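Both chains are sitting in their own frames, so use the hints and assemble them into the complex.
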Amino acid sequence: DTAVSQTPKYLVTQMGNDKSIKCEQNLGHDTMYWYKQDSKKFLKIMFSYNNKELIINETVPNRFSPKSPDKAHLNLHINSLELGDSAVYFCASSQGRGQDTQYFGPGTRLTVL
Amino acid sequence: AQKITQTQPGMFVQEKEAVTLDCTYDTSDQSYGLFWYKQPSSGEMIFLIYQGSYDEQNATEGRYSLNFQKARKSANLVISASQLGDSAMYFCAMDDYKLSFGAGTTVTVRA
Chain A
4 DTAVSQTPKY LVTQMGNDKS IKCEQNLGHD TMYWYKQDSK KFLKIMFSYN NKELIINETV
64 PNRFSPKSPD KAHLNLHINS LELGDSAVYF CASSQGRGQD TQYFGPGTRL TVL
Chain B
4 AQKITQTQPG MFVQEKEAVT LDCTYDTSDQ SYGLFWYKQP SSGEMIFLIY QGSYDEQNAT
64 EGRYSLNFQK ARKSANLVIS ASQLGDSAMY FCAMDDYKLS FGAGTTVTVR A
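The listed protein sequences derive, respectively, from chains A and B.
Going by the numbering used here, the first sequence opens with residue 4, and the numbers climb by one from there.
Going by the numbering used here, the second sequence opens with residue 4, and the numbers climb by one from there.
Bound-form chain B, shown alone (with noise of 0.2 Å):
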């Protein structure tokens, strides 16, 4: 069963404004924590962001934050006032015992 669930397979943002990339996860651990990793053209994985399953308060990380919802197992990830260079490919994960990644989510900002 798909443990990471991204509906997104790709999205288009105009520059300046905020995005949101949706995530759900599935897991019968009570402790488990949730990232956000950025794969641009180049191909490099870029750590973003992190939330754990016991933190109460939403992590922000500069324009990042992650919306979590822990009874609805949703991290959605926000991007506030996009840019060019966000154009990239974004991966939700979930480590409970291991990483297990999502399909990921291709954002394009327009100028």
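Bound conformation, chain A alone (with noise of 0.2 Å):
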């Protein structure tokens, strides 16, 4: 009965490699969300879905290209990938727009070798 699930829990792979990460809500939420936590516990948005619409799409390389096939879900891929992004990377949902509590996934844990 997890809310925010997300797979696979750790991820390592070698540069160059592409590679996705899956979220999935069941709270009946609309919107859904991307985080990146740095080594330093920074945490920065990366995109944001409403309603499978891109509502969020900040400074982020276009290697990282998000996909929503339905509300319920909203998947991360990652061309690519580089040295820099190890990092551990949150899928969130929440009720709406704006101001809405967001709840967290348990995170994914990139390590790119």
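Certain hints may be false.
Think about it this way: if two alpha-carbon atoms lie no more than 25 Å apart in a straight line, the pair counts; the simulated PhoX-like pairs of lysine-lysine are [claimed, not checked]: (1) A/K39 - A/K12; (2) B/K101 - A/K74; (3) A/K25 - A/K43; (4) A/K39 - B/K6.
Quick look at which bits of chain A chain B covers, simulated, 3 or more residues with Cβ under 8 Å [to be verified]: (5) 43-49; (6) 88-102.
Restraint-style ranges between C-beta atoms, simulated for each label pair [unchecked claim]: (7) A/D21 - B/T63: 39 to 49 Å; (8) B/T8 - A/E85: 27 to 37 Å; (9) A/N20 - B/S44: 25 to 35 Å.
Note that these hints are calculated values from the structure, not bench results.
None of the values given here were measured: they were computed from a predicted structure.
Cβ atoms here follow ideal geometry from the backbone N, Cα and C, with glycine treated the same way.
Set out below in structure tokens:
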């Protein structure tokens, strides 16, 4: 009965590879997000989707591409992985847009070797 | 410019005592939301408490309370009766049009 789930929890890969992280929420929320937490624990928003529409697209390399097949899912695909992409990636969801509480998934720790 | 400032990188508190975590924010919007999240060593982000900018009363959730001083643009978190399980990193965040996080404060509760 996990509210926001992510797979995989850990991802170790070589530079140059392409990988995806999947996120699903069963809260019935309309809005989903991707955040990156770096090695200093700083959290920054990357993308947000509302009802499958991209509403926030921060300054992120275009190697990162979000995809929302439906309201309950938001996946993150990363091409040509670089060492600097190593981080924890969190998915989150909220009922609506703006000031609604965001509930986070458990995070995916990505390590690029 | 930093929107959320948490000036205390780390704090120690004795079990059963109260602790206040400082947070100041910067926005020109009149409508915004303030949040606190807890991140234990296991890594998940746990929502603790919310305060809307138009809320006149300070928010409370169990042992957590948010000391909201709008004119000073501060939103301090008070944890009462600290427990060992409160040891974690705590993040202040503000949502004006997107959620922005502070750098976090690490709290260590001593027995």
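Against the range 25 to 35 Å, how does the distance between the Cβ atoms of A/N20 and B/S44 compare: consistent or not? holds, 29 Å
Restraint check for B/K101 with A/K74, where alpha carbons must lie at most 25 Å apart: holds, 19 Å
Do the alpha carbons of A/K25 and A/K43 lie within 25 Å of each other, as the hint requires? Measuring from Cα to Cα gives roughly 24 Å; hence the hint holds.
Tell me whether the statement that chain B covers the stretch 43-49 of chain A is true, taking a Cβ distance below 8 Å and needing three residues at minimum. holds (count 6)
Whether the CB-CB distance between A/D21 and B/T63 falls inside 39 to 49 Å: holds, 47 Å
Decide if the proposed pair is consistent with the structure: A/K39 and B/K6, CA atoms, cutoff 25 Å inclusive. With Cα atoms ~17 Å apart, A/K39 and B/K6 stay inside 25 Å; holds.
Go check the stretch 88-102 of chain A versus chain B for me, would you? Three or more residues, Cβ under 8 Å, otherwise it fails. Contact hint for the stretch 88-102 of chain A vs chain B: holds, 5 residues under 8 Å.
Quick one, are A/K39 and A/K12 close enough, alpha carbons at most 25 Å? holds, 14 Å
Hint check for A/E85 and B/T8 - Cβ pair distance inside 27 to 37 Å: holds, 30 Å
Checked against the numbered hints given earlier, this structure breaks none of them.
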